[in-house]
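The lines below spell out each chain.
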Amino acid sequence: MKIEGKAWKFGADIDTDAIIPARYLNTSDPVELAKHVMEDADPGFPERVKPGDLIVADKNFGCGSSREHAPIAIKAAGVSCVVAATFARIFYRNAFNIGLLIFESPEAAAGIADGDQVAVDVDSGTITNLTKGETYQATAVPPFMQQIIAAGGLINYVAERVKNNA
Amino acid sequence: MPMTITEKILAAHAGVEAVKPGELINVRVDLALGNDITAPVAIREFERIGVETVWDRERVVLVPDHFVPNKDIKSAEQAKALREFARKHRLTNYFEVGRMGIEHCLLPEQGLVAPGDIIIGADSHTCTYGGLGAFSTGMGSTDLAAAMALGETWLKVPESIKFVFKGELQPWVSGKDLILYTIGDIGVDGALYQAMEFTGPVIEAMDMDGRLTICNMAVEAGAKNGIIAPDEITRRYVEGRAKRDYTFYNSDEGATYAQVIEYDADKIEPQVAFPHLPSNTRPVSQAGEVSLDQVVIGSCTNGRMEDLRVAAGLLKGRKVNDNLRLIVIPGTQDIYLQAMQEGLVEIFIKAGAAFSTPTCGPCLGGYMGILAPGERCLATTNRNFVGRMGHPESEVYLANPAVAAASAVLGRIAHPREVA
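Going line by line, the protein sequences match chains A and B.
Once you know that position 137 of the first sequence is 136 in numbering that gives the first Met the number 0, the rest is easy, because the numbers rise by one and skip nothing.
Once you know that position 138 of the second sequence is 137 in numbering that gives the first Met the number 0, the rest is easy, because the numbers rise by one and skip nothing.
Don't read these hints as lab results, they were simulated from the structure.
Treat the hints loosely; a few may be bogus.
[As the list claims (entries may be wrong)] Below, simulated SDA-like cross-link-like pairs (lysine to any residue); rule was C-alpha separation at most 25 Å, straight line:
id, chain 1, residue 1, chain 2, residue 2
1, B, 19, A, 0
2, A, 162, B, 52
3, A, 8, B, 70
4, B, 155, A, 8
5, B, 19, A, 49
6, A, 162, B, 51
7, B, 155, A, 49
8, B, 70, A, 161
9, B, 79, A, 139
10, A, 49, A, 28
11, A, 8, A, 49
12, A, 162, B, 70
13, B, 87, A, 8
14, B, 155, A, 145
15, B, 155, A, 28
16, B, 155, A, 124
17, B, 315, B, 279
18, B, 155, A, 30
19, A, 162, A, 123
20, B, 19, A, 114
21, A, 162, B, 19
[As the list claims (entries may be wrong)] If you anchor each label on the Cβ, the simulated ranges turn out as follows:
id, chain 1, residue 1, chain 2, residue 2, range
22, A, 28, B, 239, 43 to 51 Å
23, A, 28, B, 166, 49 to 57 Å
24, A, 45, B, 89, 15 to 23 Å
25, A, 50, B, 72, 51 to 59 Å
26, B, 21, A, 106, 19 to 27 Å
27, A, 30, B, 46, 17 to 25 Å
28, B, 27, A, 151, 19 to 27 Å
29, A, 123, B, 56, 54 to 62 Å
30, B, 315, A, 161, 55 to 63 Å
31, A, 120, B, 282, 22 to 30 Å
32, B, 243, A, 122, 44 to 52 Å
[Unchecked claim] Examples of chain B residues toward chain A, derived with CB under 8 Å:
id, residue
33, 40
34, 50
35, 52
36, 140
37, 142
38, 150
39, 221
40, 364
Ideal Cβ positions, reconstructed from N, Cα and C, are used throughout, including at glycine.
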């Protein structure tokens, strides 16, 4: 599978309050959450982001709260994937569990500028900056995480296990 | 093979002799926790799994605490979802308004978490219970849903960083200052994916409230868990409280650490984390002239008995500054009652503070103390991100309860010795 879209560039330590402020957490409706995604980091983002666009950020993306509403909001806004130098631990798990594609690549995070056109080969983890003509390689996904993705998220994976044990 | 305390607890729950960092393991969990923000999503996901009920109705714990007592209609719907799920599955540990508390103050107090346990919670500050010598870590709602069904979760065994606190705690310095100082030193991702093991004479002499505060903020350095070896102080705390058998684990001589970091407590003064990261710390003496509009004392970080005692000690016979609001929030109903019995509530109210029922409320910008644009708040909470307590143009400063009380009196960030 291949993704292509415009990059929205963010800095380091983008926390989950920036991704989805707690003032909107009185609902878990993905459509409602998407209306406010990244709002405190870039107030124009929810309005202007286009389906297929990518979020590219520096280190420790998604630090802070365990709110799954953060990857849910990003996914519901139509963002195709998040590329970051590193991810905070809970966000990393949550993204896999709900099926939001994420790629860890310090080189891509450093090389991609706001507005660059970027393509990602999901299976190989190769990230191509079409604007600059550069390619970067994402860190390989552990085999167990690949099983979760293949199953379509953690719940499907667990449901399958429950069914097989029944 | 010598192991750390974290590795020993993980190995015991994976049913193996030994584990080492980097291994992916499946572990039995002793308790799975959710709150009114995260559990509604977990319940929705749980219902897709295809099991009839939860793995153990005594070990799935639901605590509505974030927007409860309900702040608006949507929050009421979320709380209702927890209540209905708890009834349907006859959960024994659902805590209703009037009996609830801030989850990470409540669970240790009620003896629901114990040394040697593995606890997972859909709340990032679940790492608090490391203060009791448990492995506990925050996850998302979907992970909680899976654990509610299976009583298991998967984990990557973390590397450990050992922190050794030597010397002696200085006046007005608490567990909060040690953890802020540590985060200031290593950064908000300084322990990413790792275990933070806190050791040394200063930790060994620290009371349980202080230990819980230190482990509570391990996540603010990116850690998977924070942990302190259990000892006599732990035993005294859990005796007569713990609802289950417990096991004391200790790190072996010769266990492997990614890093060993030593700090001299003699040189650590009360800390203040400036906006907008918990790592942006300064000693309070170097805070400069920072006027404040609000002070909050409470939260899962500093809403315990000892925190209220320290704050009340400084506020006794004094008044909250005319230019500022002080909001005090006890962590649980038991703490509320104890504070009343000790006369602390009267001290707070006579000083001119608002005293609230337990809630996470303002810490995450929910309610009970939201900031307007340009307002500044000093809080004993755990995060000072942009917009954390209200408008994105407001500011949050993090400190210990003594600094908070002194600052409330003087209307600006202050060292406790200025009013003591």
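How the hints compare with the structure:
no.	hint	result
1	19(B) x 0(A)	violated, 35 Å
2	162(A) x 52(B)	holds, 14 Å
3	8(A) x 70(B)	violated, 35 Å
4	155(B) x 8(A)	violated, 30 Å
5	19(B) x 49(A)	violated, 44 Å
6	162(A) x 51(B)	holds, 12 Å
7	155(B) x 49(A)	violated, 35 Å
8	70(B) x 161(A)	violated, 38 Å
9	79(B) x 139(A)	violated, 42 Å
10	49(A) x 28(A)	holds, 20 Å
11	8(A) x 49(A)	holds, 14 Å
12	162(A) x 70(B)	violated, 40 Å
13	87(B) x 8(A)	violated, 46 Å
14	155(B) x 145(A)	holds, 15 Å
15	155(B) x 28(A)	violated, 30 Å
16	155(B) x 124(A)	holds, 22 Å
17	315(B) x 279(B)	violated, 31 Å
18	155(B) x 30(A)	violated, 32 Å
19	162(A) x 123(A)	violated, 31 Å
20	19(B) x 114(A)	violated, 43 Å
21	162(A) x 19(B)	violated, 31 Å
22	28(A) x 239(B): 43 to 51 Å	holds, 45 Å
23	28(A) x 166(B): 49 to 57 Å	holds, 52 Å
24	45(A) x 89(B): 15 to 23 Å	violated, 41 Å
25	50(A) x 72(B): 51 to 59 Å	violated, 31 Å
26	21(B) x 106(A): 19 to 27 Å	holds, 23 Å
27	30(A) x 46(B): 17 to 25 Å	holds, 20 Å
28	27(B) x 151(A): 19 to 27 Å	holds, 26 Å
29	123(A) x 56(B): 54 to 62 Å	violated, 46 Å
30	315(B) x 161(A): 55 to 63 Å	holds, 58 Å
31	120(A) x 282(B): 22 to 30 Å	violated, 50 Å
32	243(B) x 122(A): 44 to 52 Å	holds, 46 Å
33	40	holds, 5 Å
34	50	holds, 6 Å
35	52	violated, 12 Å
36	140	holds, 4 Å
37	142	holds, 6 Å
38	150	violated, 12 Å
39	221	holds, 6 Å
40	364	holds, 5 Å
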